[in-house]
Each structure stands twice: as C-alpha cells, then as structure tokens.
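These are the residues of each chain, in order.
Number of protein chains: 2
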Amino acid sequence: MSAVAPVFSPLYLQIKAQLTRSLQSGQWKPGEAIPSEMELAVLFKVSQGTVRKAIDELATENLLVRRQGRGTFVATHAEERTQYRFLRLTADDGQAHRLQRRLLDCRRERPVAEMARALGMKASESVVRVRRLLLQLDEPVVLDHIYLPGLMFKGLNAELLNDHVGPMYRLFESEFGVRMIRAEEKIRAVAADATQAQLLGVVVGTPLLLVERLSFTYGDRPVELRRGYYRTDQYHYRNELM
Amino acid sequence: MSAVAPVFSPLYLQIKAQLTRSLQSGQWKPGEAIPSEMELAVLFKVSQGTVRKAIDELATENLLVRRQGRGTFVATHAEERTQYRFLRLTADDGQAHRLQRRLLDCRRERPVAEMARALGMKASESVVRVRRLLLQLDEPVVLDHIYLPGLMFKGLNAELLNDHVGPMYRLFESEFGVRMIRAEEKIRAVAADATQAQLLGVVVGTPLLLVERLSFTYGDRPVELRRGYYRTDQYHYRNELM
DNA sequence: GAGTGGTCTAGACCACCAC
DNA sequence: TGGTGGTCTAGACCACTCA
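Just so you know, the sequences run in chain order A and B.
In case it helps, this note's numbering puts the first sequence at residues 1 to 242.
In case it helps, this note's numbering puts the second sequence at residues 1001 to 1242.
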C-alpha cells in the first residue's frame, strides 16, 4: 500500500553521520577529546553499544583515535605516530631515517582545466603551487609538486612554509583548518626530464615513479593534488594488499 | 605472589585463532559455509556476540564472507567479485576491459639464495618459474615472472596452466590447496631491457613499473614471489590511502 | 515459516589511566 | 578512587534467503 519504500538506516550509521558532521563543522578540533561513550549515549538516547559501533567505524577510518582509560580523540597529523602516514616510500635496507624538507618555491597561478575540475574549483580561482624536495642524508629522494585551492589556503606563502616545523599536513590543519582524511594515488613509471633530473641528482631519462595523489578532507571533498617524483634506486613504494 | 604474569587474551581473539586453525587445516574449504553463529556459540560455550566479534574480524581480513540470510562462507578466489583482487592496474580512461592471459613458459630451477629465503624454502628445493603476459585487446600490458615452491606445487606445468580457465589463484586453490590471503608489494620504476621490451611491445629503455609481490597463505606463510613489469603509458597502479 | 546474519539493548565486569 | 574504553552476556527484534 505504501508508495514510498522506507530507507532502512541502522541507528549506529545515523549516529556515525552525526558525529562526522560534528567533526566537519569543527565542533571538536584535531587532538581534542570527544565526549565519552556514555555521554554520547545519553545525548543520542541510545545504548552505549550503539554509540560504540559508530565510533568503532570512525576509528578504523582514522577519523578518531581511541585510548583506553583516557577517552576518544579527534585524529591529527600533529603526532609522531601519524607523521608521513601517506608517504609509502621506504629505504630498501629497511632503515627509517628522518627526512629533511627543502622548499623550492611557492607561487599562485591559473589552474589548467583538468586540475580545476579535480579540485572542484572554479576556473577563475587561482591555485597555490608548491615545489619542494624530500632528502635523506642530504640526498634528494622525492620531488613534490603540490597544488592547493587558492581561496582555501589564503595567506599560504614561502615564509610560512619555511618557518613551520613538522609535516605540511600539520600546518594545513593548524593554520587553515583543513584536515586530510584519505587520499587516492595513481602511480606510473616515467623518465626524468632535465629539470627533474637536476633537482633529484640523477641523469636525464632515469626511470622515476610518478605518484599522483588526490587528497580529501571531511565529506570526501578534494583539497590537494600532488605530483611526486620518487627515486627508486635505493627506495621503493611499499603496499599491502588485503 | 604469582610469579607468572597472566597473558590477557580476550575470548573473541582465542575463538578467532581457533577458527583460523580450522581454515588452515582445511576443515572448511574455500566456498563452503561454516557453522552458524549460534552453533559456534554453543560449541565454544560463549555467547553469540563473542563469536560474532571473532567472525567480524575474519570477515574484514577477507578470510570469511558473510551473507545475510544465508550464512558465513570461506572466501575464495573463484568468484567473479574477487577476481584480480590483488591486481591494482587500471586503464587511464577508467574502462574495465577483460584481460587475456598468455603463458610464455613454465620450468623448474634452483632458487637464488635471496628467493629461497623470501619463500622460506631450503636452498636444495627447486622453484617453479612461470612467465606469462596479461593483454588487453591483444596489447601486452603486464609481464609476470612467478616463482613458487616446488614441493608445494608438485605437478604444476605448462599444460595445467594452459588448460585452466580463470585466475591463477583459483587454480592454486583447487589443485594445490593453497589459498592466497594477503600480499606485500614493493614498487619501483625501471627501464625495460631487450627481452621485456620485446615481450611488452615497447622500445628498450621505456620506464616500466616493477611490482614485486610476496603473497602469503594462512598463518602468514609466504608461498609466492611475483615480479610484474607493468606498462604505464595507458594504465596506472591505483592505491587508496587511509 | 524456519534459519541465517544484522541491529539494539541493559547490565555486568575488566583493564587502563590520571589524579 | 573514579572515569574511560574493552569485553562479555542474554535476550529481543529486524532483514534477508530459500524451500
């Protein structure tokens, strides 16, 4: 009789969506604790187990971090543990050296159509283009070209980037309120051109990994396009298939 | 007073371990249903919820597949859904064509020390080496070198490989009782040598992705080493970072 | 309709952490 | 010692599948 098919959505998914909205709105900031499971249960008028299931999923998606005995916290790129969470490059000998960062330049430019589309920008909006090197023991390993929507990253410049210590995603989080949640990468093998070869200290034509990364913030909104050229003579991109 | 620190292990993890042993021993075969949650709860003398949590984890690890209303089944590579689960290569235009397989050769040889170690073999045991191409629309895309422990894959030969339809991992499952659970990949950019160039239809020196995959079966036992040379002129390796 | 997995509850107790 | 997340239980009802 009923004309409308009822959309079945479990309670815990509705609560998960509500929690996601709170994160997205900035009600709870990266690093802060969210209310306890019991408090949320009372607030949403459900049992603790239902809240728990919602939080469980957000924790496996790396939006929240649970700490037994202390509480549940909004995930952040500021912690040692989660630094370089998105960088899959590893030394062949397994050693985990610290990476140095060297800024090359930072400027604003017109986006090409394809990039504007990928980032969900109007063609009239400018993009910030950052170029930088990652080095290990003073040897260049990665050349990054980073593209960001100009309006969202108003005020981003070379000075800010140089003064900041720690990963770039931490700067984005603290200065611009943009937190990277997940990313998609497309990987290809390419030959180094003259510029890339010079910056990475290899001969022209050397095979490089080209890693094109599109990063998303809350609500699956794309906010960064990054082209990384990786040397793989003493390093490799590691991946786990499950 | 007690001299021994008690090792705390939640019930559901003990049950998960027990279920894993049953899978490993072949008590339940790929594609078959395992007992229902209630039956297992009675068997292990715990509540249904505890069994559920153990099965939940095995399902997220792709060892089991839950189907509402039907039961819980042992995962298999035989299904359409899970074919090429480990192949991350995608056409740039997003089209999902069917891949053709072309066997090049299959022979037994002495493993080099490094390979014997990776596969956990004695140096005296031989390895089976399979070379094959993957093609899309008659154009070569991937050149695979596949190395398998000789004793585990006794009887594997070119005829068997040629007669078999479907993915290789399905053959391994049905003929040799070896099911691939997960894999680790190391990815590099290399220049095509003469042989690779000829087989893949590119000029010598063309940058190729070298994807070195180590696959594991139950109990984290390595059982396959695979070196794949991927063309990435019209394809890319896709990855999701979370 | 019988049987399966999926959701939800209410309450108990345990492990861990900070004060 | 009190509060947090982590485990476990027993039971209810819902959604889905298949005979």
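Each hint should be verified, as a subset may be incorrect.
[Stated by the list, open to error] Here are the computed distance ranges between Cβ atoms for each label pair:
(1) B/V1190 x A/A96: 42 to 48 Å
(2) A/A96 x B/D1105: 50 to 56 Å
(3) B/Q1068 x A/S124: 45 to 51 Å
(4) B/H1164 x A/G177: 53 to 59 Å
(5) A/N62 x B/Q1027: 32 to 38 Å
(6) B/Q1014 x A/S126: 57 to 63 Å
(7) A/E184 x B/H1164: 29 to 35 Å
(8) B/D1105 x A/G177: 20 to 26 Å
[As the list claims (entries may be wrong)] Stretch by stretch, here's where chain A covers chain B in the computed footprint (C-beta under 8 Å, at least three residues):
(9) 1185 to 1199
(10) 1228 to 1237
[Stated by the list, open to error] Quick list of in silico lysine to any residue cross-link-like pairs, SDA-like style, CA-CA up to 25 Å:
(11) A/K186 x B/D1233
(12) B/K1053 x A/L11
(13) B/K1053 x A/K186
(14) B/K1016 x A/R67
(15) A/K186 x B/R1182
(16) A/K186 x B/P1140
(17) B/K1053 x A/E240
(18) A/K186 x B/V1065
(19) A/K53 x B/D1233
(20) B/K1122 x B/S1036
(21) A/K186 x B/N1239
Hints listed in this document are in silico derivations from the structure and should not be mistaken for laboratory results.
All residues carry an ideal CB built from backbone N, CA and C; glycine is no exception.
Comparing the hints with the structure gives:
A hinted range of 42 to 48 Å is violated for the C-beta pair B/V1190 and A/A96, which are about 24 Å apart. For A/A96 and B/D1105, the hinted distance range of 50 to 56 Å is not satisfied, since their beta carbons lie about 40 Å from each other. Against the hinted window of 45 to 51 Å, the Cβ-Cβ separation of B/Q1068 and A/S124 comes to about 49 Å, which satisfies the hint. Our hint of 53 to 59 Å for B/H1164 and A/G177 holds, since their Cβ atoms are close to 55 Å apart.
The hinted range of 32 to 38 Å is satisfied by A/N62 and B/Q1027, whose Cβ atoms lie roughly 35 Å apart. Separated by about 58 Å at the C-beta atoms, B/Q1014 and A/S126 satisfy the suggested range of 57 to 63 Å. A hinted range of 29 to 35 Å for the beta carbons of A/E184 and B/H1164 is consistent with their spacing of about 34 Å. A hinted range of 20 to 26 Å is violated for the C-beta pair B/D1105 and A/G177, which are about 58 Å apart.
Counting residues of the region 1185 to 1199 of chain B whose CB lies closer than 8 Å to any CB of chain A gives 7, which reaches the minimum of 3, so the coverage claim holds. Taking a C-beta to C-beta cut-off of 8 Å, the region 1228 to 1237 of chain B contributes 4 residues in contact with chain A, enough for the three needed, and the coverage statement holds. A threshold of 25 Å between alpha carbons decides the hint, and for A/K186 with B/D1233 the separation of about 12 Å falls inside it, so the pair holds. For the given pair, B/K1053 sits about 19 Å from A/L11 by alpha-carbon distance, which is consistent with the 25 Å threshold.
As the CA atoms of B/K1053 and A/K186 are separated by approximately 35 Å, the hinted pair breaks the 25 Å bound. With a C-alpha separation of about 23 Å, the suggested pairing of B/K1016 with A/R67 holds against the 25 Å cut-off. In summary, the hint linking A/K186 to B/R1182 is supported, as the alpha carbons are separated by about 21 Å, within the 25 Å threshold. Of the supplied pair hints, the one linking A/K186 and B/P1140 holds, its CA atoms being roughly 20 Å apart against a limit of 25 Å.
For the hint pairing B/K1053 with A/E240, the CA-to-CA distance comes to about 24 Å; that is within 25 Å, so the pair holds. At most 25 Å may separate the alpha-carbon atoms for a hinted pair to count; A/K186 and B/V1065 exceed this at roughly 29 Å. At roughly 44 Å between alpha-carbon atoms, A/K53 and B/D1233 are farther apart than 25 Å, so this suggested pair is violated. Using a Cα cut-off of 25 Å, the hinted pair B/K1122 and B/S1036 is violated, with the two alpha carbons roughly 41 Å apart.
A threshold of 25 Å between alpha carbons decides the hint, and for A/K186 with B/N1239 the separation of about 6 Å falls inside it, so the pair holds.
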